[in-house]
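Chains as they are written, first to last, in our numbering: chain A, 1 to 338; chain B, 1 to 244; chain C, 1 to 372; chain D, 1 to 184.
Check each hint, because a few of them may be wrong.
To be verified - Below are the BS3-like pairs computed for lysine-lysine, each with C-alpha atoms no more than 25 Å apart in a straight line:
#: 1; chain 1: B; residue 1: Lys217; chain 2: C; residue 2: Lys55
#: 2; chain 1: B; residue 1: Lys121; chain 2: C; residue 2: Lys296
#: 3; chain 1: B; residue 1: Lys160; chain 2: B; residue 2: Lys121
Unchecked claim - Covered by chain D, according to a simulated footprint, are these stretches of chain A (three or more residues, beta-carbon under 8 Å):
#: 4; stretch: 69-80
#: 5; stretch: 111-120
#: 6; stretch: 239-248
If you're looking for bench data, these hints aren't it; they were derived computationally from the structure.
Don't be surprised by glycine CBs; every beta carbon is placed ideally from N, CA and C.
Chain residues, written in single-letter form:
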Amino acid sequence: MDTSIWRPILYLIGVMAFAGVNAAWLGWCERKGAGHIQRRIGPKEVGPYGLLQPLADGIKLMTKQLLVPQGVDGILFRVAPVLAMIPAITSMVAIPFSATFHARPIELSVLLIFALASIGMMAILLGGWASNNKYSLISAARSVSQNVAYEIPMLITVITIVMLSGSMNLEEIALQQKGGFWNWYIFPIAGQSIAQAIIMPVSFLIFFTCSVAETNRAPFDMAEAESELIAGHMTEYGSMGFGLFMMGEYLNIVVGACLTAILFFGGWDSPLPFIPSGVLWFVLKIYLLIFTFIWIRWTYPRTQIYKLLNLSWKILIPFSLAILLLTAVFIKIEGILI
Amino acid sequence: MSIIRETKWALLELFPEQKATEAEAEVAAWNKIIADARAKAEAEEAAKAKAAAKAAEKAGEKTEAAEKAPEEAPPPEAAPAEETAPAEEEPVPEMDPEGDPPVSIEPESPRPLGVLVRDYKARGVHLDVLCSPDQVVEAAKLLTGAGYFLESVTGVDWIKEEQMEVDYDFNRTDGPLCRVVVRTRLPRSAPEVPTVSDICPGAGWHERETHDFFGIKFIGHPYLVPILLPEDADYHPLLKDFTP
Amino acid sequence: MTEPILCTPDETFVLNLGPQHPATHGVLRVKLTMDGEYIVEAEPVLGYIHRMHEKMAENGTFAQFMPNTPRMDYLSALSFNQGYCMAVERAAGIEVPERAEYIRTITVELNRISSHLLWWGAFILDLGGFTPLLYAFDDREKILDLLEHVTGSRLTYCYYRFGGVYNDIDDEFITGTREFIKRLRSRMPTLYHDLVTGNIILIKRLKDIGHISPEVCRKYGATGPVLRGSGIEYDVRKNEPYSIYPELDFDIPHYPEGDCMARYMVRMDEIEQSLRIIEQSLDKLPGGPVQAKVPKTLKPPAGDCYAAVEAAKGTFGCRLICDGDKGPYRLKLRSPCFSNLSLFGEIAEGMLLADALAVMGSLDLVIPEIDR
Amino acid sequence: MQTLFCQPAASPSLFSAEGFVGLIFLLTITIVIFGAAIATTSKRLVRCVAGLAVAFTGVAGVYYFLLSPFVAMMQMLIYVGAVSILIAFAVMMASPESHKGTYRGGVLAGPIGFSTGVIFFAALSILGLKTEWQAFPRQETGSIEHVGMAFLTTYSLVFELISIVLLLAIIGALVLARRGRSRV
């Protein structure tokens, strides 16, 4: 057994702190970003630039009573928000922030993240069902069909990367892209193989679309389409029940951004070889990606659930399968040539 | 033929008596116009004979034009309406078979059933129809068949006369403007009128509203429950003797 | 059109949309019988903010009812102002001075633009786009400032008087309006059309959704942009000209498709047409009084009359019945949304929930006006 | 692990790494049993499914203990992420009403089920006790190449059978779902 058992535990505690703080201030970022996109200021009253707004919100949420309405399934109703939070936090363990800054090397970290993401889906499903509210139920049904639909192309694109890199270890994948931005998987200029050069940008688009859909963000926020389903699975939740769902959602965004950054943008690698790489680069990348999430959300109107599913089943899945096949063929050809 | 004239004659189908008198009046009016035109032409001809050669030429053209008009006079059925008494001494205004019919005289209250042509400037409607309650459906059918749509339905409580009135406002979206209001009077003690909601489904809500406010029963309405008032409301606030 | 899935009645469930729901823009309740995400039957339930304006009219004088009119459709308050004024003026035989008519036209068109802008923002919000609302409010704010300057209020204007308007407009208003026209014209193509109208998601959400045929419009008496979105070129301003509209040069936008996109485009084009109308009215603005001589207590002769105006949502009609007294004997207010909403039950059948809400948004409902 | 059960006196201290690992192992076992108990005893179908998911998660933990992280992850991904959710989804869609009870069979259902369980448990216990257990050295790191090779050569049949699990889940979900509805 690994004697450094404390490392993941401490790391987990650190991640939990990070998660809470991050979720809170991502909320601030989102509101501030939305504000500026909408040509207004956003939060400004609490603290300088409204920076303490998340604290105020947090205190408000925590001091509120957790209302358990009549007719709900009490246990599942209380479990669901926690269940939304746990996998999101746990998947942070699998993410290497830099060559040295990670919980422990996990061989199958990509797989772990996806395995945990599927539990997060369960949270929405149970929360929506336990609320005993038709809007929540419709939302649960929607989010499950959406997540199932988008998990498939997402997994297939990840498999292409796994095939290219020959590893399911995020650290390993990141290391393979080191030494300047032209080595990152997204850029077709000077990648390691022909397959990457041709396919990766398309692959990235599919992956990014899927991660927006998987995190239930606009324009794919079918589960909480407020003009149709009020707040979806969160309709009946108040106080920290709602807070946990929100934190889980923001953490999922962070995880999605981390995954995208590692798989396509070289992780903690600096864009130019003479600039030292490090955790700062990683953080910069994920926050740029998160900003893109926010930007998209405040720009586009929402799609409609059936059109959303059609997009996945009729466009993304066939495309990603074709990419998978092409990648396999290219790798084989290269194998023969070399 | 103008749309107002056309609609008026279509609606007169409901009132055979008025139609007969109006048709007669039409013929009389037209006869008078023709006679006037002839007399005018003759007078002009006489004047022309006296006039100089240049003036005579011009007058000749006019006569031709004047003589043409009577020939175009339509048969009595399609003849334009004319309600002002044709026997009047003052000269009859020039009648244009394509133009709008002249405005009816303000009737004495209570007015008889029938169609009136209203002054649009003062009233905002062109045709004003008063019919009996059982003629409402027929009128609605006639009007929707003629391309009209129902704009609104409303009631009035004439408490002094112990009567209720239901007004149906019709309008059309295509072609020239013509607003028609169809009214019917009901006894205040038992206000009942057949529904027009099967002809114009839009009437469904308006009739429910009228039922809410006046308690007028629309016989045959598929779903006559309160629409604006609470669902258990048993009062009718727009009645003049309503006290909250 | 997607066909609803055939099912036995016990597999459906009733979804109560409202009376408090983000998509109903007020207290409207729609009882939806659903089969999964498909609507089997939709029944709007009204009356949550019914205030019996018509009874209030009967209880006061003509002038006393004036402030009630903007409380119905608070988004195009001036149209309702004008409709009521026209009815009373018609009954009492009051002539409105020309300058007053021009001022009325300018202000009512400004109000129409502000109503359409707000609808635009709210409609995109219904579709899940948050940002356009704020852009629309940005422009609407300018209109509110302008109208506040002349009318004294920002939303529930009570600016018109029988026989004229309350207040003359000044140079500040005129230059401000001209500036606003320039500003909105420059913003329309980029902010409004590039950002939203051309958006692929929006087009997919609106094209071929909620088809309303001209027959359905006629059956239910729908008017305004709903009717024009079904391809019928009907506008009270053109078909039944009132005020100074016959002297102005403007078009009636109409689209034959009858879907949500058509209704959307009608309103967007109407904003531009209203700008044209305002511009022309400002150019032609004559001098003279803004208020005719009107007796202090109006006592129109007994009789009834009808006046209709084109409000932002459709035809607003006033049937005024006088008995020679100081106040109306009976005042019927024919509000456009009441009729426009009544067709919702028919077209919503077999529709997806999300589409039905898009359709409801495209009808541009203002609930206080429906409930009166 | 056996030492932990047989010689409590010699068990490692709780705060050593070994002890901590043992604790976690016990935890996973408890999770499995707890989940299974919920799944079998709960009266609400959705809770049963939730229990099932808990049990699956526990089993994934056991796999992880057996130094087979890949299988553990797959267990999570397929059983928790797909099978449970499919079943839960179908159950929810079956009836919008929350009070949907589990189906109670005839009188014999309980005893038969119980005896089957006992026989199964007994058989497994006997097998477990009689077998001469020996620790296999960990053969490879479980890298993608190895897993891929194993899937497409030695264990190809097993790999194919996994798809049958999903099929069964779908059919089972449909059966559960149809029961609540009127038989058309």
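Quick rundown of the hints versus the structure:
For the hint linking Lys217 (chain B) to Lys55 (chain C), the alpha-carbon distance of about 20 Å falls within 25 Å, and the restraint holds. Distance restraint check for Lys121 (chain B) and Lys296 (chain C): the Cα-Cα separation of roughly 23 Å lies within the 25 Å cut-off, and the hinted pair is therefore satisfied. At roughly 29 Å between alpha-carbon atoms, Lys160 (chain B) and Lys121 (chain B) are farther apart than 25 Å, so this suggested pair is violated. With 6 residues having a Cβ less than 8 Å from any Cβ of chain D, the stretch 69-80 of chain A passes the three-residue criterion, so the hint holds.
Coverage of the stretch 111-120 of chain A by chain D holds. Counting CB-CB distances below 8 Å, 8 residues qualify, and the rule asks for three or more. Here the stretch 239-248 of chain A counts 0 residues with a CB under 8 Å from a CB of chain D, which misses the bar of 3, and the coverage is violated.
Hints 3, 6 from the list above are not met by this structure, while the remaining hints are.
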